[in-house]
Amino acid sequence: MAGRVIVITSGKGGVGKTTTSANIGTALAKNGHSVVLVDTDIGLRNLDLLLGLENRIVYTLVDVVEERCKLKQALVKDKKNPNLCLLAAAQTRDKSSVSAEQLKKITEKLKKDYDYILIDCPAGIEQGFQTAIAGASEAIVVTTPEMSAVRDADRIIGLLEASDGIESYKLLLNRVRPNMIKSKDMMSVEDVENILSCQKIGVIPEDTGIITSTNRGEPIVNNEKSLAGKAYMNVARRINGEDVPFLDIDEPKDFVGKLKKFFSGLKKQGKE
Amino acid sequence: MEQFLNDNMYVIDLGELNTAPEIIFELSSVLDKEEVKNKRICLKLGNVDLNQAQLLSIKSLINGIDSTLSCVDTKSVETEKVALSLGIIVSNVSSENAVELAPTMPYKMAEELKDEVTNTEAEENEDIVEESDINGESLNDAIIEDNQKIAFEKTENSNILEENVEQKQEESQIEQELVEEPTKTINYSDIDNNVVQEATKEEIQDELDVIFGSTPSQTVFYDMQHPTEIYEEREELTDIIVPEQEYTKEDIELESFPTKYIKQTIRSGQVINYEGNIVIIGDCHPGCEVTAFGDITVWGILSGIAHAGAGGNQKAKVRALKMNAIQLRIANCYSRRPDSLNTVYIEKTNSFTPEEARIVNGEIVVFKMND
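Residue numbers (our numbering), protein chains in the order written: chain A, 1 to 272; chain B, 1001 to 1371.
Don't read these hints as lab results, they were simulated from the structure.
Hints are not guaranteed to be accurate.
[Said to hold, decoys possible] Derived pair list, reagent style SDA-like, types lysine to any residue, alpha-carbon separation capped at 25 Å: (1) A/Lys70 / B/Gly1311; (2) A/Lys70 / B/Gly1269; (3) B/Lys1348 / A/Asn215; (4) A/Lys80 / B/Asp1339; (5) A/Lys72 / B/Asp1339; (6) A/Lys79 / B/Asp1339.
The whole structure should be built from the sequences, with the hints applied where relevant.
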């Protein structure tokens, strides 16, 4: 078995790399794949918090690299999903404690036993980023429809193209607000795609549930009612090669809008 | 003729004099001095034989200046007998161990000194910990004992380390002022106290090195047993005073450990390792690691990882005002916070119930320390 190594990166901080990693990982595991999430944000780790595994970490990536424990000892199993494992970053060290070659060795080992290895990349384009992309062959570039995030994503795509290992990369647009796009206050999904000339793999709507899920340590894909959760679920299926249509995230918030949408839906059905 | 202080007594050396009149003459000249008044006096006599009448007259001479003749050092058997019959202690006073009486004595009376120090501390709201420093007691004990007596006061966490150093400097200034004033007696315990305080100053500098040192400090790892056990919460009234029992090797080891005293908030990513006990005045935030060979005592909320008894001491304990530790490790035992306790943050109130974690039958158990 040869697993796929996917790095989730963005350049800019705070666009949702870690949230995306946790949710795609959980979604893939829910679909029956074996998944390892690797947090490479050494010194500012958060992935364990999002998964609610903070209290289970004994050994970290740095301990594996420095051979204080075996790789299997450092993998923390998820509370709900036995298919999902986390390789946490050390909080008390810094990015220089793991080199690109060392991470590459670890991903090579993990590839043999797992379907997917998702690497959560730190923000920035320095050593941490170079380390994170070293072992990966695919990349997901997370961005939000803001000029600063798009600019940084462009820079990252340039670096990914220049790197040897990355064979393909896809765009994931996060925190999209359909209402703002309508009022022309936000770049549309198409605009971002055109600017970056990059194929998209998912569009995640802004969802207040993300904050709650982060605080509770429970990925939002476990909440089936959430639109963002559904969108992440679809991304996971697309990663796996399925052809899934993009979600209609244009969901009106007010009651009248909902009624209108309901009736227009009925009309369409009548015509057919 | 020499005069010096020994064991809180004023020693007058008259060993070179051979006749009673000479002794009385010399003595009367010494006793005129202000510094001899209100003292316990020890006379150092040589080979001279004094009869009861002579010794009585010397005694009454000393009593005349409100001092007492409490001790006599003599080589003569005759004098010794007489002294004993008058109820005066006979002992050997060596001048080697004594402190020479300098023109101005650099220390105040023990009571005065202590009063001054405690006064300044009371102003700074530092009385609990600093006092225990001065008394040279184990900090752990002092904190637990004072726990119930003194209402909590929120310790200000920011820049505390710097403040602390400043305070220490202030204190040393006060001491220097005290030193310059002339005094009459020496209390040995005071000298020791000053040494203790000096040591703590150095320790704080060491702390700074540990916390802010550029080299990442190494964390000690051990094979953890049962890494899935959750630490239990038991509400149980427990005596803090351990009932009398035979002291094991581990007990003695714990008590002989040095103690590091840290007064600041320990934040995420900070590591503190110490081969002894650690006392932290302040909170330990999630993501920090505190590793000690002995006990860990946190005067605040413990939310990070605490590893007590890292050298393998099973009797080591972790204490905190609020135990919210992500993981607790004692010796080679390991436990994690129950998932049900997944609180975003702990509200800071002044009504915490101190908690203590220790190993009971191979498991880490947290006890609430109620009254």
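Requested in this report: Compare the distance between the alpha carbons of B/Lys1348 and A/Asn215 with 25 Å, and conclude whether the hinted pair is satisfied.
Outcome: Holds, at roughly 19 Å.
Query raised in the report: CA of A/Lys70 to CA of B/Gly1269, is that 25 Å or under?
Result: holds (23 Å)
Query - Hint consistency between A/Lys72 and B/Asp1339 [alpha-carbon to alpha-carbon, up to 25 Å] - result: holds (23 Å)
Query raised in the report: Regarding the pair A/Lys79 and B/Asp1339, is the alpha-carbon distance no greater than 25 Å?
Result: Distance ~10 Å between A/Lys79 and B/Asp1339 Cα, so the pair holds.
Requested in this report: Would you mind confirming whether the straight-line C-alpha gap from A/Lys70 to B/Gly1311 stays at or under 25 Å?
Outcome: Holds, at roughly 23 Å.
Report task. Mind checking the alpha carbons of A/Lys80 and B/Asp1339 for me, to see if they're no more than 25 Å apart? Result -> holds (12 Å)
When the structure is compared with the earlier hints, no violation turns up for any of them.
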